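Participant: Going down the list, the sequences are from chains L and Y.
322 is the number that our numbering gives to position 322 of the first sequence; each next residue is one higher, with no gaps.
1 is the number that our numbering gives to position 1 of the second sequence; each next residue is one higher, with no gaps.
Derived by calculation from the structure, the hints in this document are not laboratory data.
Check the hints yourself; a few may be wrong.
[As the list claims (entries may be wrong)] Okay, the calculated beta carbon distance ranges per label pair:
#: 1; chain 1: L; residue 1: G144; chain 2: Y; residue 2: D109; range: 52 to 60 Å
#: 2; chain 1: L; residue 1: K326; chain 2: Y; residue 2: E131; range: 28 to 36 Å
#: 3; chain 1: Y; residue 1: L61; chain 2: L; residue 2: V4; range: 50 to 58 Å
#: 4; chain 1: L; residue 1: G144; chain 2: Y; residue 2: R230; range: 46 to 54 Å
#: 5; chain 1: Y; residue 1: E66; chain 2: L; residue 2: K129; range: 51 to 59 Å
#: 6; chain 1: Y; residue 1: Q199; chain 2: L; residue 2: Q151; range: 49 to 57 Å
#: 7; chain 1: L; residue 1: G267; chain 2: Y; residue 2: N90; range: 33 to 41 Å
#: 8; chain 1: L; residue 1: G80; chain 2: Y; residue 2: L61; range: 52 to 60 Å
#: 9; chain 1: Y; residue 1: L61; chain 2: L; residue 2: D294; range: 37 to 45 Å
#: 10; chain 1: L; residue 1: R93; chain 2: Y; residue 2: G13; range: 56 to 64 Å
#: 11; chain 1: L; residue 1: I72; chain 2: Y; residue 2: N23; range: 53 to 61 Å
Remember, it's a predicted structure, so these values are computed and weren't measured experimentally.
Cβ coordinates follow ideal geometry from the N, Cα and C atoms, glycine included.
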Amino acid sequence: MGKVILEVRELTTKYVTRFREDVYAVDHVSLKVEEGKSLGIAGESGCGKSTLALSLMGYYFPPLHYISGDIIIDGKNISGMKPDDVRKSILGREIAYIPQAAMNALNPTQKVIHFIEDVVQAHDPTKSKKDIYEMARALFESVGLPASVLQKYPVELSGGMKQRTVIAVAVILGPKVLIADEPSSALDVTSQKMVIKMLRDLMESGFIKAMIFITHELPLLYNVTDDIMVMYAGQIVEKGTAREAVFDPLHPYAKGLMGSIIVPEEGLRSAKLTAIPGVPPNLKKPPAGCRFADRCKYVRPECRVTSIAMREVGEGRMYRCVMSEKELREAYQNG
Amino acid sequence: MAKREQICLEARGLTKVFGFGRNKTVAVDHVDLTLYEGEVVSIVGESGSGKTTLAKILLGLINETEGEVYFQGQKRDIRSYRQKQEYWKNIQAIFQDPFSSYNIFNKIDSVLLDCIHMRGGRRLPYEKKVELMAEACRFVNLKFEELTNKYPFELSGGQMQRLMIARIFLLKPRILVADEPTSMIDACSRATILDMLMQLRNEIGMTVIFITHDIGLAYYVSDTVYIMERGRFVESGSADKVILTPSHPYTKRLISDVPKIYEEWDLSTV
Numbered sequence: 001m002g003k004v005i006l007e008v009r010e011l012t013t014k015y016v017t018r019f020r021e022d023v024y025a026v027d028h029v030s031l032k033v034e035e036g037k038s039l040g041i042a043g044e045s046g047c048g049k050s051t052l053a054l055s056l057m058g059y060y061f062p063p064l065h066y067i068s069g070d071i072i073i074d075g076k077n078i079s080g081m082k083p084d085d086v087r088k089s090i091l092g093r094e095i096a097y098i099p100q101a102a103m104n105a106l107n108p109t110q111k112v113i114h115f116i117e118d119v120v121q122a123h124d125p126t127k128s129k130k131d132i133y134e135m136a137r138a139l140f141e142s143v144g145l146p147a148s149v150l151q152k153y154p155v156e157l158s159g160g161m162k163q164r165t166v167i168a169v170a171v172i173l174g175p176k177v178l179i180a181d182e183p184s185s186a187l188d189v190t191s192q193k194m195v196i197k198m199l200r201d202l203m204e205s206g207f208i209k210a211m212i213f214i215t216h217e218l219p220l221l222y223n224v225t226d227d228i229m230v231m232y233a234g235q236i237v238e239k240g241t242a243r244e245a246v247f248d249p250l251h252p253y254a255k256g257l258m259g260s261i262i263v264p265e266e267g268l269r270s271a272k273l274t275a276i277p278g279v280p281p282n283l284k285k286p287p288a289g290c291r292f293a294d295r296c297k298y299v300r301p302e303c304r305v306t307s308i309a310m311r312e313v314g315e316g317r318m319y320r321c322v323m324s325e326k327e328l329r330e331a332y333q334n335g
Numbered sequence: 001m002a003k004r005e006q007i008c009l010e011a012r013g014l015t016k017v018f019g020f021g022r023n024k025t026v027a028v029d030h031v032d033l034t035l036y037e038g039e040v041v042s043i044v045g046e047s048g049s050g051k052t053t054l055a056k057i058l059l060g061l062i063n064e065t066e067g068e069v070y071f072q073g074q075k076r077d078i079r080s081y082r083q084k085q086e087y088w089k090n091i092q093a094i095f096q097d098p099f100s101s102y103n104i105f106n107k108i109d110s111v112l113l114d115c116i117h118m119r120g121g122r123r124l125p126y127e128k129k130v131e132l133m134a135e136a137c138r139f140v141n142l143k144f145e146e147l148t149n150k151y152p153f154e155l156s157g158g159q160m161q162r163l164m165i166a167r168i169f170l171l172k173p174r175i176l177v178a179d180e181p182t183s184m185i186d187a188c189s190r191a192t193i194l195d196m197l198m199q200l201r202n203e204i205g206m207t208v209i210f211i212t213h214d215i216g217l218a219y220y221v222s223d224t225v226y227i228m229e230r231g232r233f234v235e236s237g238s239a240d241k242v243i244l245t246p247s248h249p250y251t252k253r254l255i256s257d258v259p260k261i262y263e264e265w266d267l268s269t270v
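Same shape as in the complex, but just chain L (with noise of 0.2 Å):
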């Protein structure tokens, strides 16, 4: 086992609507991340994936809220500091994190160096313009972009070159962990795979040292990660590694969700997708027991009466039913 660089024990956040009611978007989430190591979290769109994220960053302002939990961080603790502390030691050094959607976000009056410039400067105010300039120059050389990008402005760029931008801003401090929430999902094909590319080299050269990955794609997360946890309304259903998660889920809705993977590869066509009915749950009044009963093809009257731990079988191995591996996997063969 390798050093542990992120962990993350029974972190609780929710959000306070308007109308002050309380909604549990990340419920008792605990992880470790290795280092060299990346972990993907998967899961439909409303179940927590990008609240996580933001949560595992320690800086929290209204609507999220911090309840409990612990997050660590290479040995360091920082869950209940301040937010300016947060911000001025911990965002952009020990952990970066690049939002959904944020190549939309690219100040278009602004060369693309001014961004690094305003990054480099409110964590060290003493570093001249030049060093900058060198810095990321340096950095971006190694990603394979060239230096002739830090003196266009954003509109310039084409989206998979804006996305590697954002990527190489926010990693030019060289933080620990990099939280990346769906860095692809608006490219195509081939700018898809040149951003991976990025990601796997920049951890490659232990420029970052764990990489969190959230995505929806699964396809992507297989290839990406060598870890794989899936969310539903705010709790991790099912944790193992990549090959695991994909090829032999043990939750129903893993399975349901690796059952919706469409892939250009011989074979699907006569294959049939599944569909998984209904919706989540209201995370404003959460079910008492399996948040998934309700959409669950399996389910037992003792799914409903309270909540479902964790069973752990295997190393790292973990998911969260009533029923037992055996009885899972018998389930799954009688369809």
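Following the hints, put chain Y in place on chain L, whose structure we already have.
Facilitator: Below, chain Y alone, put in the same frame as chain L:
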């Protein structure tokens, strides 16, 4: 699956040029396309390859610079608005972004009522109209009682896209142009939407044109696949032939760039 008998829509030498002089862009470049009745056709290409422009020309939303479109054997003539309305009874579309497809000032009832009126149901008694609307909503697993008196923005993306399919159910067009109908929707609702579309096609026997950049999706739904690059078709044929044994280098690159499950994804060839 397709009955290769009757030609439904035909395009010959279709060209669209935007701008002129130095800013001239040829978006669609002498494209020939033949659609048979009841067929599912996919047009696949990267962003900027001209697939949406082609779809808009076929829909009659923009005028072609050159070339002709033949609808059911006759040359299409949509110069006047009345002729266009007549044409749109036969060809309908589902667009990529369900959030911007609806008029935000109109309630959902009026969206569906418009469809009934377009099919000549203007003089039906109101109860009959409600019955028709409820039937369409049932088809797409929505409850009409919950939708009535709501505005489109009160629905989720998946619900809006399903409402779009309900519109198609009421309109029963000969041709449906689906322009990236599932790209804004996440993976698990995608299967539901696709199944509904295919069920609808089997029920009313329409021709479907799928515009997509997702090769896996094109392979899953279509009989015939056209690969588009810079306004031209570079390869076409049955889905199995084009996707499993591609011959054009562009098609090969496109397919190799898609992350797959059973094959190794080669990141070195970027």
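Participant: A separate judgement is required for each hint: does it hold in the structure or not?
Facilitator: Okay, the hints, checked on the actual structure:
1. G144(L) with D109(Y): 52 to 60 Å: holds, 54 Å
2. K326(L) with E131(Y): 28 to 36 Å: The hinted range 28 to 36 Å is violated for K326(L) and E131(Y), with Cβ atoms some 50 Å apart.
3. L61(Y) with V4(L): 50 to 58 Å: holds, 56 Å
4. G144(L) with R230(Y): 46 to 54 Å: Violated, since G144(L) and R230(Y) (Cβ atoms, about 24 Å apart) do not stay within the stated range.
5. E66(Y) with K129(L): 51 to 59 Å: Hint holds: Cβ distance 53 Å, inside 51 to 59 Å.
6. Q199(Y) with Q151(L): 49 to 57 Å: 54 Å Cβ-Cβ, so the 49 to 57 Å window holds.
7. G267(L) with N90(Y): 33 to 41 Å: holds, 36 Å
8. G80(L) with L61(Y): 52 to 60 Å: holds, 56 Å
9. L61(Y) with D294(L): 37 to 45 Å: With a Cβ separation near 42 Å, L61(Y) and D294(L) satisfy 37 to 45 Å, so the hint holds.
10. R93(L) with G13(Y): 56 to 64 Å: Holds, at about 60 Å.
11. I72(L) with N23(Y): 53 to 61 Å: holds, 56 Å
Against the hints set out earlier in the document, violations occur for numbers 2, 4.
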